[in-house]
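Undergrad: Dock chain B against the given chain A, drawing on the hints supplied.
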Amino acid sequence: MIVETLLAVAIWALGLTCLAKVFTRGVIGRLEIVCIVICSAGIGWLTFTQDSTADPEQRVTDRPNAVPSGGYVSSDTCRSCHESEHHSWTASFHRTMTQVASPTSIVADWSSTNLVFEGQEYRLERRGEEFWVDFPDPSWGGLADGDWPRLSKKIVQVTGSHHMQVYWYADGVDRKLRWFRFVWLITESAWTTRDASFLAPPELNREAHAGEWNFSCQRCHATHARMRFDSETKLSDTQVSEFGISCEACHGPGRDHVAEHRNPIARYKRHVKEGDSPSLVNPAHLGSERSSQVCGQCHGVLATWSEEYGFSNWNTNGFEYRPGDDLHATRFLITREMFDDSAVRNSLSSSNPDVFPTMYWADGMIRVSGREYNGLRASPCFERGVGSQKLGCMSCHSMHGSGERIASWRNDMLKPETEKNGSCLQCHSVLRGDDALRKHTRHASDSTGSLCMNCHMPFTTYGLLKSIRSHTISSPSVQESLEVGRPNACNLCHLDKTFNWTGKHLAEWTEAAVPALSAYQDAVPASVLWALSGDGGQRALVAWSMGWKPALEASGDDWEARFLAQLLIDPYAAVRRIAYQSLVRQPGYEAFVYEPVLSTPEQRSAKAKEALTIWRQRRVDEGKVPNALYLLDDPYRNISDRVYDELTVNRLDKPIRLSE
Amino acid sequence: MYEADSRDSLFSKHLRAGWLLLFLFIALGLVLESFQGFKFGWYLDVGNETRRMMLRLAHTHGTGLGLIQLAFAFTVRLTGGVQAGRLMSASRCLQAASALIPGGFFLGGIQVFGSDPGLGIWLVPVGALCLLAAVAMTFRECVLCNKHATTASPERD
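Chains A and B supply the protein sequences, listed in that same order.
To convert a position in the first sequence, counted from 1, into this note's numbering, add 1121.
To convert a position in the second sequence, counted from 1, into this note's numbering, add 182.
Calculated directly from the structure, the hints in this document are not laboratory data.
The reader is advised that the hints may include incorrect statements.
[To be verified] Some chain A residues judged to face chain B by a derived CB distance under 10 Å, without partners named:
id, residue
1, H1208
2, Y1389
3, R1391
4, H1392
[As the list claims (entries may be wrong)] Covered by chain A, per the in silico footprint, the following chain B stretches (three or more residues, Cβ under 8 Å):
id, segment
5, 221 to 229
6, 293 to 305
Cβ coordinates follow ideal geometry from the N, Cα and C atoms, glycine included.
Chain A extracted, bound-state conformation (with noise of 0.2 Å):
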């Protein structure tokens, strides 16, 4: 616009200049002033028949549009200075959380044939650069068998990037997104079921909702998302800042500054005096405990759906915390401690019942993922930590790769000390050297079992289909694990022992009574117990730990996959696949195919059988007993027949959903 300006003005200086020569030079003066003539009209044609709004992101109606407001500015901007950090932002996932559907943002195989679930047909389809979906009506209730109406919508956004991919088509009234029924498993290249990539009960189907992604994924998966909803009309005009988590998701608003360092020397004044700057923030100087809340802003259970906690103000203007701020000023934290103040307790249970449930273990530590700033504050280490040696997110995370370790930094974005024991013994030094990690630990100093963060960070916490660390760092407690149900460390990583041999070297080593035992408890390995007869939570945990490496290790890999296979039948849909993820790493499985959503009943029992198969010609193959009543050689491990179907019919089977 500005150039078009500029260019007119020129132009018509130009043409005045030749205007006074006209008379002068006669015809050729006049051609000059013809083409003057023209060429400003063409000019001032194209300026006014542009829309007055020339980025293409202003004009999009359907969905949520990135409109830079309060201060922010977008990461673009900081580009300019900040190559480096911009950089390895790009590489992370927190990039890609949310982004405009496009060729580049959407992983899925778009070509692949046409979705059957349910008996129902959904297409795909690839129009050029733009991503169509044909499917039923969800919406419609009719009789199933009739002539269902189908809707063709085409992609606008999608989310996530990094173990799934969701997608959301418009809602063709305002901004509002529906999420289209299926979701792309970009690790494994698959398609399955919105439900089904959730850890939920197989009789939950739920219908997707207008706005889904306005009002609840925005919070977290956009940087200063607005919902904008407007509760007389209905519509919502929602707007972010910017897609993604962006730099300004932790270090405030960028525009002030911007401003700042336009200056050269007002830079170079903060260079010489190596202080930060005042107009931002900087997450790593912050201090644990107000680091900690700028990744606690999402990666912790946080009240908004009422008015108590700030809704119309989060409506329209977006969260009012800032990094840098204290968290618990204006956003209200569910933590463990309310499982004691029974008025919190149930008036966020009034308000939202699935709260607890769905997200805590019974003793109030979290087990869903997403949710890590919970677990930290719970922790001791966080608890007790005074000064620097107070834990927080950055003890063991950077926000920031570099060079090399960028591909296997952006998977968990961990400082590379952490993967070593680096961060714990940064205030732990007594357990420095091999004799002393030894000593502690009870297994060799260079094995897995004298990791810090896999006695005292097990993966006990469920989300993206998978086991997932627990942040609360904890230590192992078999009382624990049968008063609350959550597997501990030793049986998760020492498959087939049982409660009573755990129980056994807890006590001597630390001076824990041995807990009383059933005779089940006693005998059966614990890892069997959860898998036959734990809930759907425990039993996706364990399936997991079945596919884990150093678990694999300690417990030998020839057992597992006649549970495996029985979990491949389980109602759970995410336990059926986790089964399957873990039983294609063990040895004889790796060609091993299974659909664990889109298959039918029957189809998964064949399959279940033929993995079965597989397991028993393995163990003729080895000279092992192929019977499968006496699974194991070890006297722990025998489990007949008997006790197989009575674990297996007082499975629990109450319903479970975890939130993440």
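TA: What follows is chain B alone, placed relative to chain A:
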């Protein structure tokens, strides 16, 4: 006699300076190429974009100023009608620019503050002003020399 000595002295000074600059900064170019060839992280990593740019600028400006030094030397010789003393100021400015500009870029690239070059970069604008002054003064003397030659050659009228 004095005028001829001054002129010869100025000529040889800039001739030496020109070739010296060319040697130094072509050598720097060779070093930078090796950094590139051996994928030297200190020079090539994403976070070192500023350093890379500064060292490249030092290389190009140093080489360019070497050529300007040579051009100046031959200008001194060709502008026989102008007193050597009148080119002395331009000479001094050019010498200062030849040190300050590539030196500033070089020092600015050795230590960097993120996307900002090191403190050495502050030498560059001073050097740039010196260079501009040197060019302006040389241009002026060339114009004067031309006028002098024109008035001194009546056969050209």
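Undergrad: Hint by hint, which ones does the structure fall short of?
TA: The structure conflicts with no hint, since it agrees with every one listed earlier.
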